[in-house]
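Guided by the hints, dock chain B onto chain A, whose structure is given.
2 protein chains.
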Amino acid sequence: MSIRVGILGYGNLGKGVESAIAQNDDMELKAVFTRRNPENVKVRTAGVKVLQADELSHMQDELDVLILCGGSATDLPVQTPQYASMYNVVDSFDTHARIPEHFAAVDAAAKKAGKVSLISCGWDPGMFSLNRLYANCVLPEGKDYTFWGKGVSQGHSDAVRRIEGVKDCRQYTIPVEKAVEAVRSGSNPELTTREKHTRECFVVAEEGADLAKIENEIKTMPNYFSDYDTTVHFITEEEMKRDHSGLPHGGMVIRTGVTGMEKEHKHVIEYSLKLDSNPEFTGSVIVAYARAVSRMNKEGMSGCKTVFDVAPAYLSPKSAEELRAHML
Amino acid sequence: MSIRVGILGYGNLGKGVESAIAQNDDMELKAVFTRRNPENVKVRTAGVKVLQADELSHMQDELDVLILCGGSATDLPVQTPQYASMYNVVDSFDTHARIPEHFAAVDAAAKKAGKVSLISCGWDPGMFSLNRLYANCVLPEGKDYTFWGKGVSQGHSDAVRRIEGVKDCRQYTIPVEKAVEAVRSGSNPELTTREKHTRECFVVAEEGADLAKIENEIKTMPNYFSDYDTTVHFITEEEMKRDHSGLPHGGMVIRTGVTGMEKEHKHVIEYSLKLDSNPEFTGSVIVAYARAVSRMNKEGMSGCKTVFDVAPAYLSPKSAEELRAHML
Numbered sequence: 001m002s003i004r005v006g007i008l009g010y011g012n013l014g015k016g017v018e019s020a021i022a023q024n025d026d027m028e029l030k031a032v033f034t035r036r037n038p039e040n041v042k043v044r045t046a047g048v049k050v051l052q053a054d055e056l057s058h059m060q061d062e063l064d065v066l067i068l069c070g071g072s073a074t075d076l077p078v079q080t081p082q083y084a085s086m087y088n089v090v091d092s093f094d095t096h097a098r099i100p101e102h103f104a105a106v107d108a109a110a111k112k113a114g115k116v117s118l119i120s121c122g123w124d125p126g127m128f129s130l131n132r133l134y135a136n137c138v139l140p141e142g143k144d145y146t147f148w149g150k151g152v153s154q155g156h157s158d159a160v161r162r163i164e165g166v167k168d169c170r171q172y173t174i175p176v177e178k179a180v181e182a183v184r185s186g187s188n189p190e191l192t193t194r195e196k197h198t199r200e201c202f203v204v205a206e207e208g209a210d211l212a213k214i215e216n217e218i219k220t221m222p223n224y225f226s227d228y229d230t231t232v233h234f235i236t237e238e239e240m241k242r243d244h245s246g247l248p249h250g251g252m253v254i255r256t257g258v259t260g261m262e263k264e265h266k267h268v269i270e271y272s273l274k275l276d277s278n279p280e281f282t283g284s285v286i287v288a289y290a291r292a293v294s295r296m297n298k299e300g301m302s303g304c305k306t307v308f309d310v311a312p313a314y315l316s317p318k319s320a321e322e323l324r325a326h327m328l
Numbered sequence: 329m330s331i332r333v334g335i336l337g338y339g340n341l342g343k344g345v346e347s348a349i350a351q352n353d354d355m356e357l358k359a360v361f362t363r364r365n366p367e368n369v370k371v372r373t374a375g376v377k378v379l380q381a382d383e384l385s386h387m388q389d390e391l392d393v394l395i396l397c398g399g400s401a402t403d404l405p406v407q408t409p410q411y412a413s414m415y416n417v418v419d420s421f422d423t424h425a426r427i428p429e430h431f432a433a434v435d436a437a438a439k440k441a442g443k444v445s446l447i448s449c450g451w452d453p454g455m456f457s458l459n460r461l462y463a464n465c466v467l468p469e470g471k472d473y474t475f476w477g478k479g480v481s482q483g484h485s486d487a488v489r490r491i492e493g494v495k496d497c498r499q500y501t502i503p504v505e506k507a508v509e510a511v512r513s514g515s516n517p518e519l520t521t522r523e524k525h526t527r528e529c530f531v532v533a534e535e536g537a538d539l540a541k542i543e544n545e546i547k548t549m550p551n552y553f554s555d556y557d558t559t560v561h562f563i564t565e566e567e568m569k570r571d572h573s574g575l576p577h578g579g580m581v582i583r584t585g586v587t588g589m590e591k592e593h594k595h596v597i598e599y600s601l602k603l604d605s606n607p608e609f610t611g612s613v614i615v616a617y618a619r620a621v622s623r624m625n626k627e628g629m630s631g632c633k634t635v636f637d638v639a640p641a642y643l644s645p646k647s648a649e650e651l652r653a654h655m656l
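These protein sequence lines map, in sequence, to chains A and B.
So for the first sequence, our numbering puts the first residue at 1; every next one is plus one.
So for the second sequence, our numbering puts the first residue at 329; every next one is plus one.
The following block holds chain A by itself, in its conformation from the complex (with noise of 0.2 Å):
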């Protein structure tokens, strides 16, 4: 029988999670669940239903697993613990400061109500956080690197489009290569941030703005831009539309060290990810641990879990047997 998921929220990541679905021939879309009217969104896949929020009230029985595909700023922090307490869940919760807190609220309602609840799961955090503590349980001695990029960083794109005159912007963080290579090398360098990344803006200023005024608020906004180096091209509409339509993302986790009685030998460990769509890919991970939360359940488990927390084998619908014929 399919595991049947619901998602909540129907905007980049929903829509991500539904085409991971289609892909998955264990795993059915029943509903999709959202806070604007039913009527004006339109799913696309065949014969799925748009729901009002509210209804997730009494449909337990027909979902095995709810996706949650809300915002980690406010929509998460209510939602995910609510729904915790009425259904198996996944949720990409991204806010790294505040997982600890996010994550007792969640258990609390998981336990309760005997349900599994995954969160912060996606590439980063996700496939990046697993790969970062492999790599330290298996070389204890050594240094840690994250890069993120070529990508379109949402948050750094809205950020510009708050500047009075802006009309669109889109902000790639983009990884220096010098200092890809020097930590590729095993140098163990000390890098600044100004060293790792610089960001570049393609921004579509409104008729008359003063561009100047623009490009050194950009360049000095505290936080999202004051420590890189950054780049500001102005373009057309049609430029923005035509060459930066897509969200591709990616990047690189890296750790380097030292084994040996004398720690005599170097190693150098590293995941990297080319994505052309973020939400896209996003949504697969979210889809493969959604299998796993659904099967944990079954088997008795209750609680909230990260990735930390799955082996690896209930993310596939292959049974161990195929697996370790085929795949170790």
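Heads up, some of the hints might be wrong.
What the hints assert, rightly or not - When the alpha-carbon atoms are kept at most 27 Å apart in a straight line, the in silico DSS-like pairs for lysine-lysine are as follows: (1) B:524 to B:471; (2) B:377 to A:263; (3) A:143 to A:112; (4) B:439 to A:318; (5) A:178 to B:478.
In case anyone wonders, no lab produced these hints; they're calculated from the structure.
Below, chain B alone, put in the same frame as chain A:
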């Protein structure tokens, strides 16, 4: 309390396990067991006893986990089931085709004993297998590629040493850079054995040996060399010692795949290793899994496991809270 570890077999891998234990504060090497005369085995960790393998018949109360460092051809098929019936064990069994039968024998012994065994640990099988599995679960529609090297293949070096007139050999397996680049580009190439790797042999010949005959025997050797482009260099014993005494290795696992309702987005997941010492890195992976095996058994689990069955958090000496706060 420390996790008390025994090592059976003190070759390259046993030594790699020894140095890895020294890098992990929560692990303690209790004894090295050997089938040789213990007086002829000198270990490098102060205060550690060297004992006859027979002593393992009565040391169950002194070891939390026994690491089996024998070979896959004849040692492990006998040793792992034997000791799985007495200890938590970890081995590095790497004869892919025989993993299912090895698993069955070890699983039966471990279940009966109420112990946990983990087989086929290291980097391939091991970390490479994990990365194949994760990448397949995240990108169900895609293609897998594994490249090995640049590194020393012990099996191929041994095969050349058996040729008449050969005193010593070191064989390097080298990935073809053009093939790697084609895979990374996402073009999904179909690659023959010859297109993926080349082989390079450094040979010390006996005095007066027929070098042309040796070179020809190497290049035409079925299974080992005939499907590859092979280069043979004749060198002196001094050059062998000076330039080829290390055991470097590494490689890459790459999966390329598509997502989207129209499968319109490409993604590349790559995991790569650059290792100065193959046996020390393998030993480091094994020691992390020895920690996991000891813990899983303390929680009441039993039976044979592989890396697919171990939740990543078990590998780390850090608490779940620390991992969530600092690695997620």
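Cross-check of the supplied hints:
Under the criterion of a C-alpha separation no larger than 27 Å, the hint pairing residue 524 of chain B with residue 471 of chain B is consistent with the structure, at around 15 Å. Between residue 377 of chain B and residue 263 of chain A the CA atoms are separated by roughly 23 Å; this keeps the pair inside 27 Å, and the hint holds. Note on residue 143 of chain A and residue 112 of chain A: the hinted pairing is violated, with a Cα-Cα distance of about 40 Å set against a maximum of 27 Å. Between residue 439 of chain B and residue 318 of chain A the alpha-carbon distance is near 23 Å, which keeps this suggested pair within the 27 Å criterion.
Annotation: proposed proximity of residue 178 of chain A to residue 478 of chain B holds, straight-line Cα distance about 23 Å (limit 27 Å).
Hint compliance for this structure: hint 3 is the single one not met.
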